[in-house]
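Chains A and B supply the protein sequences, listed in that same order. Okay, so the first sequence: first residue is 1 according to full-length UniProt numbering, each after it adds one. Okay, so the second sequence: first residue is 1 according to full-length UniProt numbering, each after it adds one.
No wet-lab data here; the hints were simulated from the structure. None of these values were measured; they are calculated from a predicted model. Please note that a few of the clues may not be correct.
To spell it out: a stretch of chain B is covered by chain A in this simulated footprint if at least three of its residues, at any positions, have a beta carbon under 8 Å from a beta carbon of chain A; those stretches are [as the list claims (entries may be wrong)]:
| id | stretch |
| --- | --- |
| 1 | 22–28 |
| 2 | 107–120 |
| 3 | 264–277 |
| 4 | 313–324 |
Example chain B residues on the side facing chain A (calculated, C-beta under 7 Å, incomplete) [claimed, not checked]:
| id | residue |
| --- | --- |
| 5 | 47 |
| 6 | 48 |
| 7 | 52 |
| 8 | 309 |
Glycine included, C-beta positions come from ideal geometry on N, C-alpha and C.
Protein chains: 2
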Amino acid sequence: MSALAVTADDIAAAAVRLNGHVRRTPVLRSDAIDAIAGRRVLVKAECLQITGSFKARGGWSAISSLSPEARAKGVIAYSSGNHAQGVARAARDLGAPAVIVMPADAPAAKIAGTRALGAEVVHYDRATESREDIGAALAAERGLTLVKPYDDPLVIAGQGTVGLDLAEQLEVDRADVLVCCGGGGLTSGIALALERLDGLRVRPVEPEGFDDVTRSLADGVIRSNERISGGLCDAIITPQPGELTFPIMHALCGPGVVVTEDEALRAMALAFAHLKIVLEPGGAVSLAAALFHGDALEGDTVVTVVSGGNVDPATFARALETLPPPDPVGGTR
Amino acid sequence: MSALAVTADDIAAAAVRLNGHVRRTPVLRSDAIDAIAGRRVLVKAECLQITGSFKARGGWSAISSLSPEARAKGVIAYSSGNHAQGVARAARDLGAPAVIVMPADAPAAKIAGTRALGAEVVHYDRATESREDIGAALAAERGLTLVKPYDDPLVIAGQGTVGLDLAEQLEVDRADVLVCCGGGGLTSGIALALERLDGLRVRPVEPEGFDDVTRSLADGVIRSNERISGGLCDAIITPQPGELTFPIMHALCGPGVVVTEDEALRAMALAFAHLKIVLEPGGAVSLAAALFHGDALEGDTVVTVVSGGNVDPATFARALETLPPPDPVGGTR
Numbered sequence: 001m002s003a004l005a006v007t008a009d010d011i012a013a014a015a016v017r018l019n020g021h022v023r024r025t026p027v028l029r030s031d032a033i034d035a036i037a038g039r040r041v042l043v044k045a046e047c048l049q050i051t052g053s054f055k056a057r058g059g060w061s062a063i064s065s066l067s068p069e070a071r072a073k074g075v076i077a078y079s080s081g082n083h084a085q086g087v088a089r090a091a092r093d094l095g096a097p098a099v100i101v102m103p104a105d106a107p108a109a110k111i112a113g114t115r116a117l118g119a120e121v122v123h124y125d126r127a128t129e130s131r132e133d134i135g136a137a138l139a140a141e142r143g144l145t146l147v148k149p150y151d152d153p154l155v156i157a158g159q160g161t162v163g164l165d166l167a168e169q170l171e172v173d174r175a176d177v178l179v180c181c182g183g184g185g186l187t188s189g190i191a192l193a194l195e196r197l198d199g200l201r202v203r204p205v206e207p208e209g210f211d212d213v214t215r216s217l218a219d220g221v222i223r224s225n226e227r228i229s230g231g232l233c234d235a236i237i238t239p240q241p242g243e244l245t246f247p248i249m250h251a252l253c254g255p256g257v258v259v260t261e262d263e264a265l266r267a268m269a270l271a272f273a274h275l276k277i278v279l280e281p282g283g284a285v286s287l288a289a290a291l292f293h294g295d296a297l298e299g300d301t302v303v304t305v306v307s308g309g310n311v312d313p314a315t316f317a318r319a320l321e322t323l324p325p326p327d328p329v330g331g332t333r
Numbered sequence: 001m002s003a004l005a006v007t008a009d010d011i012a013a014a015a016v017r018l019n020g021h022v023r024r025t026p027v028l029r030s031d032a033i034d035a036i037a038g039r040r041v042l043v044k045a046e047c048l049q050i051t052g053s054f055k056a057r058g059g060w061s062a063i064s065s066l067s068p069e070a071r072a073k074g075v076i077a078y079s080s081g082n083h084a085q086g087v088a089r090a091a092r093d094l095g096a097p098a099v100i101v102m103p104a105d106a107p108a109a110k111i112a113g114t115r116a117l118g119a120e121v122v123h124y125d126r127a128t129e130s131r132e133d134i135g136a137a138l139a140a141e142r143g144l145t146l147v148k149p150y151d152d153p154l155v156i157a158g159q160g161t162v163g164l165d166l167a168e169q170l171e172v173d174r175a176d177v178l179v180c181c182g183g184g185g186l187t188s189g190i191a192l193a194l195e196r197l198d199g200l201r202v203r204p205v206e207p208e209g210f211d212d213v214t215r216s217l218a219d220g221v222i223r224s225n226e227r228i229s230g231g232l233c234d235a236i237i238t239p240q241p242g243e244l245t246f247p248i249m250h251a252l253c254g255p256g257v258v259v260t261e262d263e264a265l266r267a268m269a270l271a272f273a274h275l276k277i278v279l280e281p282g283g284a285v286s287l288a289a290a291l292f293h294g295d296a297l298e299g300d301t302v303v304t305v306v307s308g309g310n311v312d313p314a315t316f317a318r319a320l321e322t323l324p325p326p327d328p329v330g331g332t333r
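With these hints in hand, go ahead and build the complete structure from the sequences.
Below you can see the structure in the form of structure tokens.
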């Protein structure tokens with residue numbers, strides 16, 4: 001096995017930089033969720049992270065590592081919204097100007113949130129334009145440092161601090177750790193952080209139609225999605241796993257799990273009802289896997305990292321419609 | 001000043017009983033919330049507590065103190081839903097049968113949640129019947145121990161553990177601590193727990209039309225509400241402050257704050273958008289006071305205890321409708 005791009009030491013160093021600037025999110029659970037899943041479900045609630053997703057970690061990790069000169073020139077990122085907000089907030093607090101390249105069809109709440117953090121937003125068409133090309137051109141033109149959404153060692157190290165949290169918070173020896181997976185920054189980072197805990201097996205979870213990582217892991221080589229736009233789980237739609245993240249996931253992760261959009265919506269609704277947290281579709285697929293794909297899991301406990309909660313009210317209302325009406329029957333008098 | 005019914009020692013003892021059985025809920029914050037409020041807002045998220053509200057604390061505190069004989073006979077409680085679930089869960093885990101007297105118009109989600117925890121539910125009409133009378137009769141008939149929703153020293157001590165959490169979690173010397181207030185169990189418990197921290201002033205928050213505690217504190221004697229049913233904030237609608245809780249609040253609390261139902265709904269929506277937590281109307285009034293009644297507050301930081309998240313989807317959807325559409329304008333290209 002060749003050397004991986006990131007090590008556990010890099011994650012430990014990122015944790016030092018992040019200390020006091022991001023939140024240690026809680027691990028939640030509920031009897032009702034356990035009953036539906038048929039096993040104990042531990043939910044690492046990164047939707048409660050600053051900026052509403054785990055992306056605040058990678059953004060801070062990367063920008064806090066820049067030289068004063070590079071910070072002063074500024075940073076650029078391309079993102080459907082969560083990485084945008086993570087980078088924008090870190091940039092603002094670290095004194096760096098930020099330009100964010102966002103798809104024109106990103107959720108309005110994410111665009112507005114990014115702008116509210118002081119970033120300059122540049123739109124592109126997800127179906128016809130390459131955000132990588134746009135980002136690279138702007139970076140060259142203005143001397144900006146590109147903060148990639150996942151295929152950057154500092155970003156992977158930042159996301160991996162979720163795994164360090166888990167190592168301290170969990171009291172389980174053996175469990176599948178389900179992680180919402182787009183390009184693989186969070187999944188590979190957590191896998192590295194938990195590498196020495198043999199009983200904890202990290203597994204990526206993806207939405208149907210965008211299961212590039214699952215297929216890549218199965219085949220042992222990088223596979224791409226046919227579509228790279230559309231779909232409810234905007235936060236985790238990427239063309240293919242990263243050049244850096246894939247080797248890490250291939251070395252350390254168990255097989256992927258694929259869920260439907262309807263299952264993601266139902267997981268959002270059950271998280272509303274029983275955990276009292278707000279999830280976006282792409283942030284709920286790991287919980288959906290725990291709830292509705294129990295046959296694919298091992299052990300009497302499963303850990304799910306729910307990764308974000310930046311969802312438009314209309315999409316959330318749609319998720320709530322999947323809830324069965326409560327059955328209060330049975331009271332007497 | 002005559003002796004109060006509960007002491008700081010009682011709260012410390014409750015914390016020992018509760019250790020490992022309830023969750024230490026996080027303190028959250030958001031730049032966007034601060035901007036609206038005009039000061040820093042720290043949000044103690046008891047909606048993330050087991051059973052979806054702080055009531056799990058008081059229930060466990062009371063039932064864990066019962067003799068084995070009393071536990072075997074069982075407990076009874078009257079509640080619109082949150083106390084019901086807190087008592088039902090503690091009773092189940094401590095091996096006590098539970099009967100819960102609930103208003104017929106309680107939210108369906110709360111009735112269903114209580115039944116799911118194994119309790120027997122008995123309905124009554126909030127407008128025409130006395131839950132206290134019904135509870136007392138059933139208790140006598142079956143030998144059940146009545147666990148009152150607030151006017152019980154063990155329950156007040158349990159709720160007061162929220163204050164012990166805050167004393168450890170907060171890094172502020174001076175702030176108003178706003179607490180959603182019904183009968184005053186949570187408010188008086190927190191006030192006792194924080195009694196020695198001079199800079200932290202606990203203040204009850206109530207919905208318009210059900211401001212019995214605010215008026216009682218202003219007048220120095222117990223005042224009642226004209227209405228005792230109806231209203232969106234079912235969790236905190238009570239006839240009047242308790243015989244035990246009022247003297248504590250009178251001795252230790254600052255003046256009450258009264259918010260409208262619309263403000264509670266808007267606070268729920270902003271908590272959804274910026275904190276990613278689910279609040280019920282009665283659990284959001286403290287945040288509403290911070291957001292919309294800043295003129296009534298002192299200091300550059302305010303602490304709000306948001307107390308519950310057991311809300312029906314329809315009510316939550318209604319709250320989301322108060323959100324202004326996000327303004328994504330300003331992207332280029």
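Cross-check of the supplied hints:
no.: 1; hint: 22–28; in the structure: holds (count 4)
no.: 2; hint: 107–120; in the structure: holds (count 9)
no.: 3; hint: 264–277; in the structure: holds (count 7)
no.: 4; hint: 313–324; in the structure: holds (count 6)
no.: 5; hint: 47; in the structure: holds, 4 Å
no.: 6; hint: 48; in the structure: holds, 6 Å
no.: 7; hint: 52; in the structure: holds, 6 Å
no.: 8; hint: 309; in the structure: holds, 4 Å
The structure shown violates none of the earlier numbered hints.
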